[in-house]
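Visitor: Letter by letter, the chains look like this.
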Amino acid sequence: MLLAYTLLLMAISLTIFMSDPDVTKGLVSITTVILIIVPLVSIVYATTYYFNAAEFTEMLVSQPISRRSILLGKFIGMSSSILAAFIIGVCIPVCLFAFSATGITLMISGCLLTLSFVSLAFLTSTITRDKAKGIGLALMLWFYFSIIFDGLVLLFLYSFADYPLEKAMIVLTALNPIDLARILILLQLDISALMGYTGALYQQFFGSGSGIVFSLLMQMVWIIVPLLFALRIFKKKDL
Amino acid sequence: MEKIIEVTGLKKLFGRLEVLKGIDCSFEKGVVVSILGPNASGKTTLVKSILGMVIPNEGVILFKNKPVINTFAYKRDIGYMPQIGHYPDNMKIGQLFKMVMDIRQQDASDTDLLKAYKLEGMYNKTMRTLSGGTLQKVSAALAFMFSPDVLILDEPSAGLDPLAAEALKEKILEEKSKGKLILITSHILSEADEISDHIMYLFEGQIKFYKSLPELKNETGEQKLSKALTKILSL
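Chains A and B, in that order, give the protein sequences. For what it's worth, my numbering labels the leading residue of the first sequence as 1, then goes sequentially. For what it's worth, my numbering labels the leading residue of the second sequence as 1, then goes sequentially.
In isolation and in its complexed conformation, chain A is listed as follows (with noise of 0.2 Å):
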């Protein structure tokens, strides 16, 4: 499954570039695909993976070992084969195409991306007890974070219209990985100008040297605390 996950990326990313000469209309296009499949992936795999393996978990909490490390294990050894296939797929081919700032931001947003959705899927795979609520879960959280969300933010952009809101956006930018990922490899592009007012001022923020270190940050929030929780809660769970 993580060898069809590699092939596909590396498909994906390698036509894009082959049919279109414009490397950075390439990029566009890559994120956009990226944005989608990365965190589904990671997320759906990572907790098909936990629940599958979760007898032999059981078997090793009865070792002398740490549920600490038994979790911490399991999440570098998913986390880097996952990210192997990233690398692979994308990495590769967009250092061999386009090497360029915005490439560079793309492959770093997009491991990011991968390794805060997997933190995730631990987080929903500790939290529930059996596989097809885990999964059911891990799908819903996917659901939430590329569609629901921006469904919401514009909601609440279009009933408060009336107010200054460019501050309240940045902070809701802030509470989703999906979007946090998408909106610094989009300013890299020089094309925020399509994206009006509030564009300007996520250039302002997100483009300055500041706002990438925030936003940086930011996803490794995302990548540290669900992870965290999952510590939490697989101590004190019944195996």
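What the hints contain is simulated information worked out from the structure, not anything from laboratory work. Wrong hints could be hidden among the right ones.
[Claimed, not checked] The calculated DSSO-like cross-link candidates involving lysine-lysine, where the alpha carbons are at most 27 Å apart (straight line), are:
#1 LYS236(A) with LYS66(B)
#2 LYS208(B) with LYS11(B)
#3 LYS224(B) with LYS64(B)
#4 LYS235(A) with LYS208(B)
[To be verified] Rough simulated footprint, nothing fancy, chain A against chain B, three-plus residues with beta-carbon under 8 Å:
#5 51-58
#6 69-80
#7 95-107
Every residue gets a Cβ at the ideal spot worked out from N, C-alpha and C, and that includes glycine.
Given the coordinates of chain A, assemble chain B onto it according to the supplied hints.
Guide: Relative to the frame of chain A, chain B by itself:
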């Protein structure tokens, strides 16, 4: 005799269901204890609490006089054989053994069962290709591999062929003579009759009785454990 595990006031709830309702017992060295009881009587939960797989709501478990809840170092002295072993499909038998040696920081000091079950020639087989019985053999060999002071076997002979079960039984008696404590949960009374020194009977999360086998037989005047059990439970 020296007590190695002591359990006091152990309670466990799963949601609203009270699985263990205050268990008090202790286990000493050099004996085989069979934990018997109907389905859902709390046998596995008791064993899993001792292993730290289930975290009790109330009560204390002492292992060599140290409380164990939320610690893990004491598991170095326990070998556990689960009811059904599940291992990653792509893992080879040899890799599994190596990994557990790595985790425990111990070398395989007891390879009797490995030899008896001829597992050494199968180190390159992956878990996916193994039958249920062979997986059980792997689990058994792994439990005994590090000569731990305590062995916990959950339904050990389920799925083993008669010869393998016999080899396991001999191994259990041999370890007992070395002063190890062996806890066995089982449904097979004839087997418990042959090897155990003490019988603990759990019923609805409480200990119905915990007696030595000769005592039990004397009290009931029966020669067989199965008959003695029926008699004592119908009283």
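Visitor: Could you work out which earlier hints the structure fails to respect and list their numbers in ascending sequence?
Guide: 3 and 4
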